[in-house]
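A.B. asks: Construct all of the structure, not just a fragment, from the sequences and the given hints.
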Amino acid sequence: MTQTHDLPTLTITAPFGPPQPHTSHITTSAASQSLGEESGVGVGESSRVVNEGWAIRTVKGGHGMSDKMKTYLTHIFNRGTKSGQKADGVAQEMQHVRGADGKRLFQPSEWRTVKQITSYFARLSAAQRQQESTKSVVTDMEAIDEASEWQALRKTVYTSIDNSHPVMFEDIN
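The opening position of the sequence shown corresponds to residue 1 in UniProt numbering, with each subsequent residue numbered one higher.
Since the hints were derived computationally from the structure, they do not count as laboratory data.
No false leads were mixed into what you were given.
Label pairs and their computed distance ranges (CB to CB): (1) 57 to 82: 40 to 46 Å; (2) 140 to 82: 24 to 30 Å; (3) 64 to 144: 39 to 45 Å.
Straight-line C-alpha distance at most 25 Å; calculated SDA-like pairs for lysine to any residue: (4) 82 to 117; (5) 115 to 130; (6) 103 to 74; (7) 82 to 95; (8) 68 to 107; (9) 86 to 125; (10) 68 to 80; (11) 82 to 129; (12) 82 to 135; (13) 68 to 91; (14) 115 to 97; (15) 68 to 106; (16) 68 to 111.
We put the CB at the ideal spot given by N, CA and C, even for glycine.
C.D. replies: Next comes the structure, spelled out in structure tokens:
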């Protein structure tokens, strides 16, 4: 059984010559209609909602880092900050590092890409800078308090000395 579906007339404009009307005819066979009925998609429907298929995007959940991974990367980051040298090749090193028992420390599913490691190090660096700026604010506040204490001490000493000249003439020195 074959059905013919007429689509609306479409005007095609070519770069040369006047626009020409064009009408398309779609022919569907009974096999394609039964395929549409099996998949749950109506062939004649104008709006189609498909719940499964190869063209539907899937939402991939983020795989968080394990505590073992965070500890390892934080150790490498801290070693780099103390020595002043960048940690290069961490992704490859992660694939070959072994524990005390001689087994791999990380399984292939736990390996991270260079970009993931770089972004983790960037987050650690930002957190470290934030802590340093907080420490500098505290240090600045302590310096201000100390300076105000010295200022109060100077004022007390100057008022207690009260320089007065022994010879006074008409209240003018």
